[in-house]
Structures are given as C-alpha cells and as structure tokens.
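Line order of the protein sequences matches chains A and B. Under my numbering, the letters of the first sequence match residues 1 to 110, in that order. Under my numbering, the letters of the second sequence match residues 111 to 232, in that order.
There's no promise every hint is true.
As the list claims (entries may be wrong) - Listed below are several chain A residues computed to face chain B (Cβ distance under 10 Å; list not exhaustive): (1) Trp37; (2) Tyr38; (3) His41; (4) Lys44; (5) Asp52; (6) Val53; (7) Lys55; (8) Ser92; (9) Gly99; (10) Leu100; (11) Phe101; (12) Gly102.
Claimed, not checked - Below, a list of computed lysine-lysine pairs in the DSS-like style, where the Cα atoms sit at most 30 Å apart: (13) B:Lys153 / A:Lys55; (14) A:Lys47 / B:Lys186; (15) B:Lys153 / A:Lys47; (16) B:Lys186 / A:Lys44; (17) B:Lys186 / A:Lys68; (18) A:Lys44 / A:Lys55; (19) B:Lys175 / B:Lys153; (20) B:Lys153 / A:Lys44; (21) B:Lys186 / B:Lys175; (22) A:Lys68 / A:Lys44; (23) A:Lys68 / A:Lys55; (24) A:Lys68 / A:Lys47; (25) B:Lys153 / A:Lys68; (26) B:Lys175 / A:Lys44.
Keep in mind that the hints were calculated from the coordinates and are not lab data. Here a beta-carbon is modelled for each residue, glycine too, at the ideal position from N, C-alpha and C.
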Amino acid sequence: QSALTQPASVSGSPGQSITISCTGTSSDVGGHDYVSWYQQHPGKAPKLIIYDVSKRPSGVSNRFSGSKSGNTASLTISGLQAEDEADYHCSSYTSSSTGLFGGGTRLTVL
Amino acid sequence: EVQLVESGGGLVQPGGSLRLSCAASGFTFSNYWIHWVRQVPGKGLVWVSRINSDGSSTYYVDSVKGRFTISRDNAKNTLYLQMNSLRAEDTAIYYCARGATAVDPTWGFDYWGQGALVTVSS
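This is chain A alone, in the form it adopts within the complex:
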C-alpha cells in the first residue's frame, strides 16, 4: 500500500492554470473511477473539491476540475487566485476495498 505519487510542490501566478498529478497503479487509480481531491489550508481540516475523478461537490468553484488517464489522475485549477494557495491531496479507492492518499502537493501562488 504505497502512497500515491504527487509532486511536492507546484506554483503559478494569479490568473494562470496549474495541474497537479496523482500517479498510482492499476490496483487503485487505474482500476476504478474513484479518485477524490482535497484542499487543505494550514491548521484546517481537508475540504473535498473533486470526487469520482471529475465531479464537483455543490459550492465548489468550477475553476477546479479533475480528470484521469490510465494510472494517473489530475487536478487542474484555472484562473489561480491567492486563496488557492494550500496543500492538495489526492485519494483513491483500492482493489482491496481500502483507501489511499498521495503525499500531498503544496501550491504556491506567486
């Protein structure tokens, strides 16, 4: 049960778009359409922003979008804003009926 692989950090300027990748295996990311993404600000609990690969919960900005190709899921944030600066975590359901998270990605808005 190795963690999903995310880049440690990404950065972008206000208004730009960035993409965060989340790489797993055919036993997790590649095996199901059950990938979710979370935004976490310092000292706060995570917030769900994408579930089931590409679905957005009610109230989440449409600047956040998700996709998947093979064993890699991706989160794209368009029109970067200062308040998007946070940690982002991906999660996948696994073929063992367990869950798995990535190591997290720190997004810096320049």
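Please build the complex by placing chain B on the supplied structure of chain A, with the hints as guidance.
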C-alpha cells in the same frame, strides 16, 4: 448542519491504548460509511480505516491491522477507533470523515471533523 466532533486524543506511552470517539450530528448517521484518516502535522494524509453503515464491514490500512478496531453505535450517532499497542509512528492528528451511502457509492469524504491529536511518547 452536518458536524463531526472527535474526542479522546492525548498523550499515551508506547504500548498503551487509547479510544477515539467521533460524535456525528446533522445527518442520518446510520446511512453512511465513515472513515478515519490521520496526518502527522506538516505531512500528508493517511487513510486508516472505514466502516459501513451498519458496522458489519470494516477495513484497515496494513500498518494498523490487528492493533486498531473501528466500530460504531448508530443509536448514539458515534464512531469509535480503539487503538492498542500504540507506537511512536502512530503519533498524528486523527480525523473522522463522512463517506458514501450504500445507495450512492462514491469516493469522496465530504465532511470532516476538526481532528484529535494523539501523541505516543514516553
């Protein structure tokens, strides 16, 4: 308003035990899978365990199997995590989080508690 409130965290010696509770309100608790997720401050999230709506199915990450037990009391709208044989590496903030329902199997934890800090140290 949906709320999840953890309690029971604290300092425990290696080899000791602790039971976390997660009190739920604002939704029909008995309809949902509930998960435990932990996080060492400054590090990534780690999925720990999940339990189905009636408590008949449970799953664990390998590192806690045989030491941790997840359970729930739907009459009290409360989730538990019994942690035995605790190790230094179990030190983390423990969150409970709401998952899917049986009729809508999604993968996304839409509500989280504020977290309970567990410190394992002598």
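**Study point:** Hint consistency between lysine 68 of chain A and lysine 44 of chain A [alpha-carbon to alpha-carbon, up to 30 Å]
**Key:** Holds, at about 27 Å.
Review point. Holds or violated: are the alpha carbons of lysine 175 of chain B and lysine 44 of chain A at most 30 Å from each other?
Key: 28 Å, holds
Review point. Between lysine 186 of chain B and lysine 68 of chain A, does the CA-CA distance stay at or below 30 Å?
Key: 39 Å, violated
Practice item. Mind checking the alpha carbons of lysine 68 of chain A and lysine 55 of chain A for me, to see if they're no more than 30 Å apart? Key: 12 Å, holds
Check your understanding: Are valine 53 of chain A and chain B close enough, Cβ to Cβ, to be under 10 Å, as the hint says?
Key -> With a closest approach of 9 Å, the valine 53 of chain A hint holds.
Check your understanding: Is lysine 44 of chain A close enough to lysine 55 of chain A, meaning Cα to Cα at most 30 Å?
Key -> 23 Å, holds
Check your understanding: Taken at face value, is the distance from the CA of lysine 68 of chain A to the CA of lysine 153 of chain B at most 30 Å?
Key -> Cα-Cα ~25 Å, so holds.
Check your understanding: Has the given pair, lysine 47 of chain A with lysine 186 of chain B, been kept, meaning a C-alpha gap of at most 30 Å?
Key -> Within the cut-off at roughly 26 Å; holds.
Check your understanding: Minimum Cβ distance from histidine 41 of chain A to chain B below 10 Å?
Key -> 13 Å, violated
Review point. Does the nearest C-beta of chain B fall within a distance shorter than 10 Å of the C-beta of glycine 102 of chain A?
Key: 7 Å, holds
Exercise for review: Please verify that hint: glycine 99 of chain A, Cβ, nearest Cβ of chain B, below 10 Å or not.
Suggested key: 3 Å, holds
Check your understanding: Taking the least C-beta to C-beta distance, is tryptophan 37 of chain A closer than 10 Å to chain B?
Key -> 9 Å, holds
Hint check: violations occur at hints 3, 17; the rest are consistent with the structure.
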